[in-house]
Amino acid sequence: MRARHCQTTFIPAILSLSAVWLLILSGSQSAFAIEAKKPQLSLADTIQQQSQIPREQFYGEVMLMHAPNPMDVQFSEDGSVLFSQAETIRLWRSDTGAYLGSIAGPARFSRFAQLNHSRWLVTVDDSEADDQQGWYYSMPQLIPCLRVWDVHTGKCLSVRRLRIPINVERLWINSIATSTDSTWVLFGSRFVKEKAEQEPKSFLDGSSDDYCFLAGFQGPNLTPTCHLEFDELSNYRYLNYNSHNGKLLIYGETELACFDPDSQKIIWSTSGYQQGLKHDEIKGIINLEQPFQMELTESGKKRTFTPFIVQFESNSLYKVPPQGVDYSKLTLLNWGLIDPSTGKLLHHDLVMRKTGPGNYKTPKAENLKFPGPKDANKLNAWVYDKQEHAIKAVDLVEAWRVASRPVRDRTFTIRKARGDALGERWNLERDDLRNEANVQTWNSTSGRMCIITGYTPEIDLYDLSTGNTIAQPSGTVNALSRFTSGKLAASLDWNDVSVFDLKAEGSLQRTFNTKVLRNSCVALSADTSQLLVGEISGNAGVWDLSRRSKVFALEGGTEKLLRIAGNTTRNSIAALDQDGTLWRWQTPTAPAKPGEMQLLRAHSQKKPKRPEGYYTIEFDYRIPRSLCDLSANTELYLAFRAYSAEEEDNYGELSLGYPGEDLIARIHEGTGRSFYFEYKHGAVVELRAGQPQKQITPPVYYQSQLMQIRCTADGRFAILVFDTGQILILNLMAGTLEAIIPTGLSEIMDVNYHPQQQTLLVACFRGTITAWNSDTFLRTGLLQLNDARLEHLASQPAADGFDLVLGTWDTGLIVKQGVFKKADQKPTRLPALPFPVKLPGE
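Last residue of the sequence shown: number 1023 in the numbering used here, and the count goes up by one each step with no gaps.
Simulated from the structure, these hints should not be mistaken for lab results.
Cβ coordinates follow ideal geometry from the N, Cα and C atoms, glycine included.
Treat the hints with care, as some may be off.
To be verified - Straight line, CA to CA, 30 Å or less: simulated DSS-like cross-link-like pairs of lysine-lysine: (1) Lys790 <-> Lys875; (2) Lys446 <-> Lys482; (3) Lys483 <-> Lys567.
As the list claims (entries may be wrong) - Each pair of labels, with its calculated beta carbon distance range: (4) Leu477 <-> Asp391: 33 to 43 Å; (5) Arg691 <-> Gln230: 22 to 32 Å; (6) Gln230 <-> Arg344: 35 to 45 Å; (7) Lys696 <-> Pro775: 40 to 50 Å; (8) Gln455 <-> Gln231: 31 to 41 Å; (9) Leu963 <-> Asn694: 28 to 38 Å.
Start from the sequences, fold in the hints, and give me the full structure.
Rendered as structure tokens:
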């Protein structure tokens, strides 16, 4: 009985257990199915979620800006990320233009490419070549290295040096290209190749000439795979890898060659003359994401392959015959198809700018095949038409323009203000000038086109479907005030003015915001009750922060205001314009009614006089913001006063800049709105209310150029910065030299001096901030930002160290709290006191 009972209870238990497992299994299968249906994250979403790539924490809207100027832009394989390369690499979301992070190396980058489906980047260092005797000699200052970077973390995965001859006279990196796991670099050098028995004979043995090399590398470790030498350097400048046919195209203006990665050999080479293109040059290669093939029948056999799409342009030296038609001005796209196996030109087309009856149109390309859906029978390329300022789609099958999207550009006022500001940076003598870039690229997956041009830091990102800009480039701090009782004012992109309060936890809290278009300077009154904003027009405005409203509109100035200050105790406001004129306004003692704004006109204006005996001919000039300053209480005026033009001696060096007699500075010269830049001799003029004018000409090397003039908030000390890196601190009250600090720094953008702490803070353009002891002239601290280009520095003493707010050119406001603490200070003496200026005749 028990056996039978057990048997009857065991079977249902087995059945119920099986049912449970079936339910669990079906549930797990459903969960797996749901998991499989989840959309795969884009590269941009992955980077943003992981949040591992380095980036400075900033305040303000940062969009599509990369200083000094981007040299290249590329979309990721999935189109979600836009990579821009200037001196660093920056990552942007292609859908919104938002900043994701930066990759910065020990040297600035000259080129980059993508590896492993955009998960890695490979970069080439800039050799920082120093041109000697023109273009012929260009001495490398660094050995350029290849570096592989992880785009998710910004970490360097590997480093590989290029093979550079010892006796190199010139070195340049022409191009870089990548496949999924391979990298190729085209570079050249000028050197003397000596004869050697162990070396194969070269056609240039024993002579100094140009050599061109193709170096190949494999994988993330950049394992060398090939090192080929070309006989002619001048003909090859660029590399382009085609993922559809697996070949590497090497080309110049008129020459073409094809490298086979499998055999590691050049399989053919040709020229435009051999192809019958006598009047055209190669402009570039068009790479399409869409797979396509061409079918040819040769000797009774069919062959299918993906040709190269080559873009041509008319030779600049070609002159159209008198009765001929100049198609270069009418042509939107001049292109052709090249056979990757033979180098033969298979098809050549001109797509005209205008479409319609009577326009030139060549027969369509035959035998093109499109693997995939039947509706994928269009071969579209996108072109930016500079003449019509429009984005146009071209069907390469029909050789016909199929769409046009007029570009809707950004606000002209802000763009012009940024362009004008770029033109005023000549006086800083920055060492960042490289060739201007003109690049346009598009991505069909994301529906975006990106264009960079000239020396501007702005990146133009457009929607292919509408022609609209994705985002307005922003992130420039065009004005920053001093710290006043823990508060400061800042203006971003010449229109967005805010007042911030620095909190104890190191964050900025915005307490007031207003829009002032084309503003040029900002300041807080000494009691922080008023915000003062100067404008490019010469006018200004005053806001009562307690009422959160504008109370005064100031008129009287005719030139751009560079500095502004307010003293509520004396009801006085002062501003200094680019003409060197000091304007003063007297505010009413009785407060205005709520909601009422009063118009005030300047009651006085004063421009420093030129001392007698200093040349008789007066001339018009304009000074930059860096060559003037006002104290916070409006009592002290400091500005450079020009006397005469520079002169040169027999060695071509500047003369007449005698120590203790006059100074040299580079300023605008001209009348009206047309200026050009000249070196002028003069002095720093000190003006105080009720006191006679004083001139400051401290003892510096007679060829030193004055770069910066700053004063402390109370007007007791003046700081003068020179191009040699020498900084002078002057005690204006005692009339004595307080300190001479030989920093050896270049590209100094701003300085702050804290006399009670005996500390001078120096901010340089590429994100370096240093602290110096004014008593010992030793460096006591150094702070290096990851990727920021500095414009302004505001600092205040903290309980230990200093609090810094940094105004940047392209990444908004950056806060650093409690830096240069006493425990961290390490006084560092320079190995020598360098005198960087070469003496005449040496």
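Violated hints - listed by number, lowest first: Failing hints, ascending: 3, 7 and 8.
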